[in-house]
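Enquirer: These are the residues of each chain, in order.
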Amino acid sequence: MELNVNGRSYTLDVPAEERLLWVLRDWLGLTGTKFGCGVGICGACTVHINGAAVRSCLMPLAAVAGAEIRTIEGLAERDGSGELTLHPVQQAFIDHQVPQCGWCMSGQIMQAVSFLERNPLPSEEETVRAMSGNYCRCGCYVRILQAVQQAAGRAGEEEAAI
Amino acid sequence: MNQERDADGLVEAQADSIEENSEEGGADGREPVPPRKRRWRLSRRGFLIGLGAAGAGLAVGAYFGRPVLHEVMAESFAEAEHAGSSFMQLPDDPPLWLEVLEDSRIRLSLTKAEMGQGVHTSIAQIAAEELGISWEDLVVVQADTSSRLVDSFGTGGSFSVASSFGPLRRAAAGMRNLLQREAAAILEQPENALLVEGRGFAVADDREKRADFHRLAAAITDWDLPDEEALQLKQADEYTVIGQSVGRIDIPDKVTGQAVYGYDMRVPNMLYGAVARPPTLEAKLLSASPGEAAKMEGIETFLIDVESGFAGVVANSRSAAWSAVKAMETEWDEGHLWQQEEIEALIEPAGEGGVTIQREGNAAGVLGKEAAISATYRSPFAVQASLEAPAALADVQEGQVTVWVSTQSHERAKGLIAEALGVDADTVQVVPTYLGGGFGGKLDTGVAIEAARLSKAARAPVHVGWDRSEAMLHGYLRPPTKSVLSGAVDESGRIIAMEHRQGSSDVAFSFMPDFMAFVMGADFGATIGARINYEVPNLTVTAWRKTLPVWTGWWRGLGLFANTFAVESFVDELAAEAGADPLQFRLDHLPDSPAGGRMRAVLEAAAELSGWGTAPRAGRARGVACFASNTVVAQVAEVSVDAATGEIKVHDVACAVDCGLVVNPEGAMAQIEGNVMWGVGSTLIEQAYVKDGRLELNNFESYPLLTMREAPDVRSVLVDTGIKTPYGMGEPPIGPVGAAIANAFNAATGRRIRTLPMTRTRVLEALAGGGS
Ligand code: FES
Ligand code: FES
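The listed protein sequences correspond, in order, to chains A and B.
Take the first sequence: its letter number 73 is residue 73 in this note's numbering, and every next letter is one higher.
Numbering-wise, this note's numbering comes out as the position in the second sequence, counting from 1, plus 1000.
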């Protein structure tokens, strides 16, 4: 089975019904994508498949063969010298000191990035709606909202600069 | 970070990614902790000084929260040292220590895991403060994370900013003092002519003359630290690092997916385990066999031990293990099939066994004579529901056991694992990882023991990660409560008598030997928040406790949330009796004491923040509540109620907290926000109950959590009443949330809901005139 994750391609011998979440974590060692419920409720396992935010705990491997998969590990850009540039959403999560335990954060960030790619200047209400499927047990919601709104502004600024 | 992938795609040497460093801790940003045995000795003044193979040879460690027995042992070591023996090995290594690195930065190693409360950052701030160095020159590492380290760290006792504040400052100041004394000798200057500049000491009026820490540390031969008075700890008004909102050091790794938790732990050739679960609360395993699972793909081994109720499987993938354990044949004696009503009858606060925890005057006498009001409040079972389910990786080898686990108490895990395996505790090393939430739930060490037993059976490293339903069903829960409150006010509007009869189950006592429960009487975990902090001449608070068939225990804030809900709702009911404004009524009943003064300060601050006394937006109403322990908290919630759907919307919670000295204000605010979310979830949504012998819990569909849609805005203010030591912030702000919402609901509708959670059904019932 061919899998394309974060621009790298892997050939794997994994049962086709295995869920993407466990393949990422246990076969590829990409443990940044988290397990919270396994049934599509909490959003901790959110990754991008061809740019769309998807719950990897529900996704059979067979369904994503050949697709472009992006995980939290592939979000920051690494330039030629190895220097890491965080995605504006990641930077906003640091600026607002969002994470507490951090377990939900990969999912929150992946959800926010895909949302902002589709809706670069959302209203607060739209952001709340888009982010309400991702649980944060630590209760970082006030900060998540602020950070996503800030990142939206920043993404908007960048576009304006171009 | 270097992560090599081997042929199986497993990541080698992942342990190094658990370390932490100060955010700007140097170009490489990572310092490996070399495996070594450090010898510690107690200096005459009670500090630990260690010589290690690495660094410049100077390390100062701090002990705190140690069991008395350890103190006594440490003292006898100190005696032996004075008798002429040189370096002695102490029974345990300290929970944190400071050492000078070769580049003259100072490294703080701590063994306590971070679960999101920012404890690593706060502790680093305290150390940097007394060392007098800049934040950038401090490197923070989580110690004991690389595989097969020989040291076994950790001590008993709870570790929090509050308990470590004193010892850590003294250790840091002690280290600075040793370095300064050496600098004085080398630079031939009096000590007071020197100051810390960069990574060394310089002569104040000739800064060219300087000596770096590394050079000083290497030169030190005299290990005696000065008396405590001579240490000259900084005064609060001299602080430059404490009190600053420095960026949390664990955050960068948490936005890039690099932080490693117990569920993420990996070593080469690891396998995955799963364990069969009892179908009912009282189920006993009668027999077990592999059954159909024996024929499944990827199975490595089974471990069946009916006597200890254990039936587990090890497989080459997690999915295979989970499927196999379901296919195993197990037979259980289900025991009594408990129902919720039977459990509620057990926590009735009446009859034999009540323990009076607070008494003034003669409440019963007054309440018998005067026109009194009475009300009953209830709260349900609740789960911690950390988003990371319990998980551990165990590698059991002959003579050496290593277990990586998301735990709030690695020391306790160590003893229990040793006992389960029948090995000497000295051969067991428990490595705490990052925790994906704890909230009291991860004091349980069951998952670590399961991983260890399965690893032993499989002769390979085994990871056990619970699924969500295991996490909900097989840990302990917050116990339900029933509180009956009675009280009377006189014509002038003063409370003349109050009585609180509180019934609940074990919280702290679940983790203590029976004799302790006998000695202590009331379970402080269950009764916290049950006391009445107002000036009431006749007052009785009595607690009843019954051990339930459901395992109950620690939960964020312990009994704080439920008890404060009951007491502070009832205070509003008394205010209504007196015809008084709820805020003014509270202010009028504060004791004339320092504690009363602090309560006044937070009540007034929360009132101001919320606009108490001004009209809220149309359709909204406000409620106030407060809680006082060492930390005092007042909150005002602003809510609206949808009469058609029964939905309560909490728009805003204004929170004022006096938690003493604040080490990291931004971190403190985040803790307040998290507590408020917990409180709102518990007030509006969360509940678990028993049916036909089992908890009606499975996954989040049966126990939904609060989402951003229901989350209120939280505004907070940290009130300084001049206290110079830090108190807790991780739990107290959960206390008033339920009562503030209930009181706001009452202000909005004239009705009162006394049973949590305030579901839509209960709201609609209350609006229709039904009581609850
Ligand atoms: S783990 Fe996939 S949604 Fe919860
Ligand atoms: S930060 Fe802990 S669950 Fe969100």
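Worth flagging that the hints you see were computed from the coordinates, not collected in a lab.
Owing to the predicted nature of the structure, the values given are computational and were not obtained by experimental measurement.
Just so it is clear, CB atoms sit at the ideal spot from N, CA and C, and this is done for glycine as well.
Don't take each hint at face value.
[Claimed, not checked] Using C-beta positions, here's what the derived DEER-type ranges look like:
hint: 1; chain 1: B; residue 1: 1642; chain 2: A; residue 2: 39; range: 24 to 30 angstroms
hint: 2; chain 1: A; residue 1: 123; chain 2: B; residue 2: 1643; range: 26 to 32 angstroms
hint: 3; chain 1: A; residue 1: 52; chain 2: B; residue 2: 1698; range: 27 to 33 angstroms
hint: 4; chain 1: A; residue 1: 123; chain 2: B; residue 2: 1647; range: 19 to 25 angstroms
hint: 5; chain 1: A; residue 1: 39; chain 2: B; residue 2: 1327; range: 44 to 50 angstroms
hint: 6; chain 1: B; residue 1: 1698; chain 2: A; residue 2: 78; range: 52 to 58 angstroms
hint: 7; chain 1: B; residue 1: 1327; chain 2: A; residue 2: 68; range: 55 to 61 angstroms
hint: 8; chain 1: A; residue 1: 52; chain 2: B; residue 2: 1645; range: 29 to 35 angstroms
hint: 9; chain 1: B; residue 1: 1195; chain 2: A; residue 2: 9; range: 53 to 59 angstroms
hint: 10; chain 1: A; residue 1: 39; chain 2: B; residue 2: 1335; range: 25 to 31 angstroms
hint: 11; chain 1: A; residue 1: 62; chain 2: B; residue 2: 1327; range: 58 to 64 angstroms
hint: 12; chain 1: A; residue 1: 77; chain 2: B; residue 2: 1335; range: 56 to 62 angstroms
Enquirer: The structure should be examined with respect to each hint, and the outcome stated for every one.
Expert: Evaluation of the provided hints:
no., hint, in the structure
1, 1642/B / 39/A: 24 to 30 angstroms, "29 angstroms, holds"
2, 123/A / 1643/B: 26 to 32 angstroms, "27 angstroms, holds"
3, 52/A / 1698/B: 27 to 33 angstroms, "28 angstroms, holds"
4, 123/A / 1647/B: 19 to 25 angstroms, "22 angstroms, holds"
5, 39/A / 1327/B: 44 to 50 angstroms, "20 angstroms, violated"
6, 1698/B / 78/A: 52 to 58 angstroms, "42 angstroms, violated"
7, 1327/B / 68/A: 55 to 61 angstroms, "36 angstroms, violated"
8, 52/A / 1645/B: 29 to 35 angstroms, "32 angstroms, holds"
9, 1195/B / 9/A: 53 to 59 angstroms, "58 angstroms, holds"
10, 39/A / 1335/B: 25 to 31 angstroms, "29 angstroms, holds"
11, 62/A / 1327/B: 58 to 64 angstroms, "23 angstroms, violated"
12, 77/A / 1335/B: 56 to 62 angstroms, "58 angstroms, holds"
Violation of the numbered hints given earlier is confined to hints 5, 6, 7 and 11; the remaining hints are satisfied by the structure.
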